[in-house]
Amino acid sequence: EVQLVESGGGLVQPGRSMKLSCAASGFTFSNYGMAWVRQAPTKGLEWVATISYDGSSTYYRDSVKGRFTISRDNAKSTLYLQMNSLRSEDTATYYCTREPVDYWGQGVMVTVSS
Amino acid sequence: DIQMTQSPSLLSASVGDRVTINCKASQNINKYLNWYQQKLGEAPKLLIYNTNNLQTGIPSRFSGSGSGTDYTLTISSLQPEDFGTYFCFQHNSWPLTFGSGTKLEIK
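So the sequences go chain by chain: R and F.
At position 48 of the first sequence (counting the first as 1) the number is 51 in this note's numbering, and the numbers step up by one without a gap.
At position 36 of the second sequence (counting the first as 1) the number is 135 in this note's numbering, and the numbers step up by one without a gap.
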């Protein structure tokens, strides 16, 4: 069974950093691209970033480019999202997903507020 | 960016009804269109991938169709457990984009 378990969320002040992790199991992690998708409270879904199966290619939405970094450790079957210079508009539930966005984790809440 | 215009935004239907939800892309997305169902407080669940492929474990009353810029999700006979919000999603080109959602209520 495919499982994706996010961790690392919480409350953070504007301008600070936070790192999310996603532990994957139930499939061969190194064979799949992975992505982060977020959802602001009571809002729709927004794709954030994607990384290729081997980490050689990454893609970001414009609003996070230069602030967020997606990465992976295939030996640990773990996906990461390093978020710097956080803004209030980054407040959302962040979901870890397997490409092409078929399986989703349960999500982790990130709240950016002073 | 490709805009995904989803309609209707709110839909109220009865058990047994045939329901359709539409998604229109601002440009050709080559059938790289997924449909998801989301219930309150839960992660989205994939129903249909690449326009018309039923995800494993999803009931056959769900189906998808379309091409080019116009896509449709159909529920052939609505069941009580089908309430929730439905989203379309294009993965043809960057940035990947979602529709704004259709909230389906059961009468």
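Keep in mind the hints are simulated off the structure, nothing from the lab.
C-beta atoms are modelled at their ideal positions from N, C-alpha and C, and glycine is treated no differently.
Please note that the accuracy of each hint is not assured.
[As the list claims (entries may be wrong)] Counterexamples of contact, computed for chain R against chain F with all Cβ distances above 10 Å:
#1 Val15
#2 Gly47
#3 Thr53
#4 Thr72
#5 Pro103
#6 Gln109
#7 Thr114
[What the hints assert, rightly or not] For lysine-lysine, the following BS3-like pairs were computed, each having C-alpha atoms within a straight-line distance of at most 25 Å:
#8 F:Lys202 - F:Lys144
#9 R:Lys22 - F:Lys206
#10 F:Lys123 - F:Lys144
#11 F:Lys123 - R:Lys46
#12 F:Lys206 - F:Lys130
#13 R:Lys79 - R:Lys46
#14 R:Lys22 - R:Lys79
#15 F:Lys202 - F:Lys123
#16 F:Lys206 - F:Lys138
#17 R:Lys79 - F:Lys138
#18 R:Lys46 - R:Lys68
#19 F:Lys123 - R:Lys22
#20 F:Lys206 - R:Lys46
#21 F:Lys138 - F:Lys123
#22 R:Lys22 - R:Lys46
[What the hints assert, rightly or not] Restraint ranges, calculated between C-beta atoms of paired labels, are given here:
#23 F:Gln154 - R:Gly47: 33 to 43 Å
#24 F:Gly156 - R:Glu102: 29 to 39 Å
#25 F:Gly156 - R:Thr72: 15 to 25 Å
#26 R:Thr31 - F:Gly140: 23 to 33 Å
Status of each hint after checking the structure:
1. Val15: 22 Å, holds
2. Gly47: 5 Å, violated
3. Thr53: Violated: least Cβ distance 7 Å, not greater than 10 Å.
4. Thr72: 17 Å, holds
5. Pro103: Violated, because the least Cβ-Cβ distance between R:Pro103 and chain F comes to about 5 Å, which does not exceed 10 Å.
6. Gln109: 6 Å, violated
7. Thr114: 17 Å, holds
8. F:Lys202 - F:Lys144: 15 Å, holds
9. R:Lys22 - F:Lys206: 43 Å, violated
10. F:Lys123 - F:Lys144: Roughly 21 Å between the alpha carbons, so the hint for F:Lys123 and F:Lys144 holds.
11. F:Lys123 - R:Lys46: Holds, at about 20 Å.
12. F:Lys206 - F:Lys130: Violated, at about 32 Å.
13. R:Lys79 - R:Lys46: 33 Å, violated
14. R:Lys22 - R:Lys79: Judged against 25 Å, a Cα distance of about 16 Å means the pair holds.
15. F:Lys202 - F:Lys123: 17 Å, holds
16. F:Lys206 - F:Lys138: 17 Å, holds
17. R:Lys79 - F:Lys138: 31 Å, violated
18. R:Lys46 - R:Lys68: 21 Å, holds
19. F:Lys123 - R:Lys22: 35 Å, violated
20. F:Lys206 - R:Lys46: Answer holds: F:Lys206 to R:Lys46 is near 24 Å, not above 25 Å.
21. F:Lys138 - F:Lys123: With Cα atoms ~23 Å apart, F:Lys138 and F:Lys123 stay inside 25 Å; holds.
22. R:Lys22 - R:Lys46: 23 Å, holds
23. F:Gln154 - R:Gly47: 33 to 43 Å: Roughly 21 Å apart at Cβ, these two residues miss the hinted range, so it is violated.
24. F:Gly156 - R:Glu102: 29 to 39 Å: 19 Å, violated
25. F:Gly156 - R:Thr72: 15 to 25 Å: Since F:Gly156 and R:Thr72 have Cβ atoms about 34 Å apart, the given range 15 to 25 Å is violated.
26. R:Thr31 - F:Gly140: 23 to 33 Å: The hint (23 to 33 Å, Cβ to Cβ) holds, given that R:Thr31 and F:Gly140 are roughly 30 Å apart.
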